[in-house]
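Chemist: Since the structure of chain A is provided, determine the placement of chains B and C on it from the hints.
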Amino acid sequence: MTAASLLLPVMPVAVDLPWGLIVAIKTAVVLAIIPAGALILGYVFLLKMMSHMQSRLGPMDPGGFHGWFQLIGDGIKFIQKEDIIPAQADRRVFAAAPVVVLISTFLLYIVVPAGPRLVVADLDTGVFYALAVSSLSVIGILMAGWASANKYALLGALRAAAQLIAYELPLVLAVVGVIIQAGTMSLQGIVYFQQNGSIFGFDGIGFPLILTQFLGFLIFLIAAQAELTQTPFDMPVAESELVAGFMVEYTGFRFLFFFMGEFGTAFAFAGIASTLFLGGWSVPWVDGTLADILGPFVLFAKIMLVSFLIFWVRFTYPRFREDQLQAIAWKYLIPLSLVNILATGIFKVVL
Amino acid sequence: MTDAGDSREAEAQAEAGDSREAEAKAETELPPGAGSPEGDEIPIVEPEPDPEPEPLPEEAAKLLAQLEKELKDSIIESGHTFGDLVVRVAPEAWRKAAEVARDKLECDYLSFVSGIDWMPAPKVGGDDAGGDTSSPVQPTEITFGIAGSDGRFQVFARVQSTARHHGFTLKVDVDEDTFSVPSWVPVYPGADWHERETWEMFGIGFDGHPGMRHLYLPFEFEGHPLRKDYPLLSREIKPWPGLVDVEPMPGEEASEEGGGE
Amino acid sequence: MTVDFRSGLPDNAGAMLQKHLADARINVELETEGMVLNIGPQHPATHGTLRVVVKLDGERVVSADPVIGYMHRGYEKLTEFRTYPQITTLINRIDWLSSFANEVPFIHAAERLMGVQAPPRAEYIRTILTELSRISTFLLFLGEMGLQVGAITPAFYGFRDREHVLNLIEAATGGRFHPNFNRIGGLKVDLPSGWIDDCRRVMKKVFDSVDEFEELVVGNEIFEVRTRGVGVIPPGVGAAYGVSGSNIRASGVDWDLRRDGQPYLVYRDLDWKVWTHPDGDSFARYWVRMQETRESARMVVQLLDGLPAGPVMAKVPRIIKVPEGEVWVNTENPLGEMGYYLFSKGATGPFRCKIRSASFSNVSILPWLLKGVYVPDIITILASLYFILGDIDR
Chain A
1 MTAASLLLPV
11 MPVAVDLPWG
21 LIVAIKTAVV
31 LAIIPAGALI
41 LGYVFLLKMM
51 SHMQSRLGPM
61 DPGGFHGWFQ
71 LIGDGIKFIQ
81 KEDIIPAQAD
91 RRVFAAAPVV
101 VLISTFLLYI
111 VVPAGPRLVV
121 ADLDTGVFYA
131 LAVSSLSVIG
141 ILMAGWASAN
151 KYALLGALRA
161 AAQLIAYELP
171 LVLAVVGVII
181 QAGTMSLQGI
191 VYFQQNGSIF
201 GFDGIGFPLI
211 LTQFLGFLIF
221 LIAAQAELTQ
231 TPFDMPVAES
241 ELVAGFMVEY
251 TGFRFLFFFM
261 GEFGTAFAFA
271 GIASTLFLGG
281 WSVPWVDGTL
291 ADILGPFVLF
301 AKIMLVSFLI
311 FWVRFTYPRF
321 REDQLQAIAW
331 KYLIPLSLVN
341 ILATGIFKVV
351 L
Chain B
352 MTDAGDSREA
362 EAQAEAGDSR
372 EAEAKAETEL
382 PPGAGSPEGD
392 EIPIVEPEPD
402 PEPEPLPEEA
412 AKLLAQLEKE
422 LKDSIIESGH
432 TFGDLVVRVA
442 PEAWRKAAEV
452 ARDKLECDYL
462 SFVSGIDWMP
472 APKVGGDDAG
482 GDTSSPVQPT
492 EITFGIAGSD
502 GRFQVFARVQ
512 STARHHGFTL
522 KVDVDEDTFS
532 VPSWVPVYPG
542 ADWHERETWE
552 MFGIGFDGHP
562 GMRHLYLPFE
572 FEGHPLRKDY
582 PLLSREIKPW
592 PGLVDVEPMP
602 GEEASEEGGG
612 E
Chain C
613 MTVDFRSGLP
623 DNAGAMLQKH
633 LADARINVEL
643 ETEGMVLNIG
653 PQHPATHGTL
663 RVVVKLDGER
673 VVSADPVIGY
683 MHRGYEKLTE
693 FRTYPQITTL
703 INRIDWLSSF
713 ANEVPFIHAA
723 ERLMGVQAPP
733 RAEYIRTILT
743 ELSRISTFLL
753 FLGEMGLQVG
763 AITPAFYGFR
773 DREHVLNLIE
783 AATGGRFHPN
793 FNRIGGLKVD
803 LPSGWIDDCR
813 RVMKKVFDSV
823 DEFEELVVGN
833 EIFEVRTRGV
843 GVIPPGVGAA
853 YGVSGSNIRA
863 SGVDWDLRRD
873 GQPYLVYRDL
883 DWKVWTHPDG
893 DSFARYWVRM
903 QETRESARMV
913 VQLLDGLPAG
923 PVMAKVPRII
933 KVPEGEVWVN
943 TENPLGEMGY
953 YLFSKGATGP
963 FRCKIRSASF
973 SNVSILPWLL
983 KGVYVPDIIT
993 ILASLYFILG
1003 DIDR
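Residue numbers (this note's numbering), protein chains in the order written: chain A, 1 to 351; chain B, 352 to 612; chain C, 613 to 1006.
Don't read these hints as lab results, they were simulated from the structure.
There's no promise every hint is true.
Unchecked claim - Taking lysine-lysine pairs in the DSS-like style, the calculated list, with each CA pair at most 27 Å apart, reads:
1) C:933 to B:579
2) C:816 to C:885
3) B:579 to C:689
Bound-form chain A, shown alone (with noise of 0.2 Å):
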């Protein structure tokens, strides 16, 4: 893509805007897209699905129809708390560390498309670009365990920064395979070679690459469960021992903007997870302004399913300690993604 698809508008229709106002727009709808979508997957996936994976019905009563104004009825609780920082917390440092972690989340969305020509910025490194900003949360993090003044954020900190950083390496050798298939690293041009591919010589339906590149879902599926701190890979906010790790001394509106991170960044690398295997907006035989209307519903579609698998194993596994952890990672997913990496080539070049 061109530096002038910069420019293209956000709507639609062909409307000459000013530059200033396409990025306002552009930044408002990202801005309101982070929290919608971070209660909409800790609603339907953290509370009502747990629940009943869990045999108990989960919030029914705020909101009349099965509790559906719970989260935001907590964000709004979050919002009106006292904030209290430790006496001998670093007071910039503390309040820094959750606009960091934010930060992070925010840039992830920024190339995540959502149709032909709704994206914030279509980069021609998006993947790459995607998977490096991802990790600027470590730093967030670390600024939050330290600054906290407390032994087990301390703890949960140093646990989280070993994890993040060790998982990095099978989610950035996961997708490379894709990318090799792909032949870009742009996320809009993986999404149309996967809208324009074909299955065995079949046309018109598309071919996502989870067909191929199984492993490498699996292993960046892992590696995101990982990166998002989830169980199996929860040992940073272990609950039953560290009480929520790095976290530990935040509340109220702190709190909710790490929550939010946590949230937001998994809606995020589930669209990833869905724009780089299952096809992204692309549905087969729709094409032009179709597919702008219909694109983020179908690339919503694909983020439910795959968040479904993300929380699900969260709540079934117990959590590894940290040096299982770590072998998992450097011992068990790097090799196997380098392998992936080998076949990929090698049927790219027979094929």
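Modeler: Frame of chain A, contents of chains B and C only:
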């Protein structure tokens, strides 16, 4: 199993126990005013000697025979309670007894180590508690249990064998001068916490214990609670609220002034 | 300074209170290396108010020092000032999850000294209720050990399945947690009608739920990886520390007081087996308790089949006076070996009652056991030893 006959027997036995106790009391009752446990002289009543000592049950006798072979003179007295062997050893041989139990009698399992204060319990709330039946009234003479005792404090312990399924109780008198007994920690490491608790509750020292400090009570606690002269504070302050109306019901201030304050 | 909330306390009570409140110092020799982590009295993993002060070198434990006594209620002192029926109410609260089982050894001790024998129906019902409390506390254990290791879901299943058993206990005794149902000489009242069929139904549910736990937790690879080889207690060391119950059976020691100790209740008439496991690690302790839950359910079914008719209370005098003597009774409680050494001088209350509680000895092995383990393993070990704070602190 049991039927009405046995329960009649039980009742008779309970009553007989009462009458025996009353008999013992009548025979050995001291002149009034001399039985107060607050005084220094605690009257020690010698129990009536049994006409002939009961033979030990078979298992207890076997254990006792083995112990006597190893400890020889250190065993001061022995007895049994419902088939369970109770042995009192001399204070110097306390640790050796543990070693014998662990090595020769295969008692690898330490159940507990604790203490007992044989001084009679003082009357709760002094003599003018006026009919406070909340606490049981204990006899005011000092008597000792099975295998006797030389003094006021004793340490007793129970060891059992997981393989042979037997066990027995060991007792030792606490030396009045040094007020301590040898520690069992080199023999049974689990005695560590038990001895800390016994020291905390009774004040009995344990020689050779690695690091004696409070177990249950806060660090600055003064006193040793399980001694009989340590009062149960809640009953000293106020009589048992269930007994009489110690506070008038709201709205009945003037009329109702129940007993007690 | 006087404290207002109760008038009449001695004048220095307030000062003593302030001193106790300042109890934040660690009473150990502090070295300057390593980090001291206080797994404090308030922590979701410590089953109550247990405090473990660990010195860490990175994530490995160099030394551990449990500090107990935050729930010390002074039971042994209280028993010297209470009558026997009053003590039955007290000792319910030692191990509050399986409280019926706490009363049994004390009642047996008093009955033995008095020479009273409870009628056979009472003994059978006592056995049934003891085994029911064992099932209820083990179901909770099966659930919450998964929670400590990180799996949230088994905890909910544990609580849910336990409700059925608690409903049974409530129907029979009137109390879910503190039944206070034993009397010296038998039981308070007989079972309600229809209880036996309800009990059979619930036992079927217990079998199903233990199968579910086996599939969900024991069959989970991550659980195995987290618990195998963690916290191994060699049998000799365990016995020397007084570790009892399922913990020592998980180290391969074939010792169960229901079969090997003094005969009590009706265990000798039943057909059941003692489960052991050779490994001695946390996984073994979980596995043994799981099997014992099933075994208890089988025992209850046999007991229901063989329940004799008759009275549930022997004839005892109205004022219970236990004749002079001393007796030791120990039983296999769900947590381990619980025993009472009862000294009586013929009064309406005991002269001294030494309460030997299982968790006290189980926890005393922690300083030895926690050396060199990782911090997450501390939580696994604490969960697998399964102690109750009321049992430790009495």
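Chemist: Next, verify each hint and record whether it holds.
Modeler: Checked hints:
1. C:933 to B:579: holds (21 Å)
2. C:816 to C:885: holds (19 Å)
3. B:579 to C:689: Between residue 579 of chain B and residue 689 of chain C the Cα gap is close to 9 Å, so the pair holds against 27 Å.
The structure agrees with every numbered hint stated previously.
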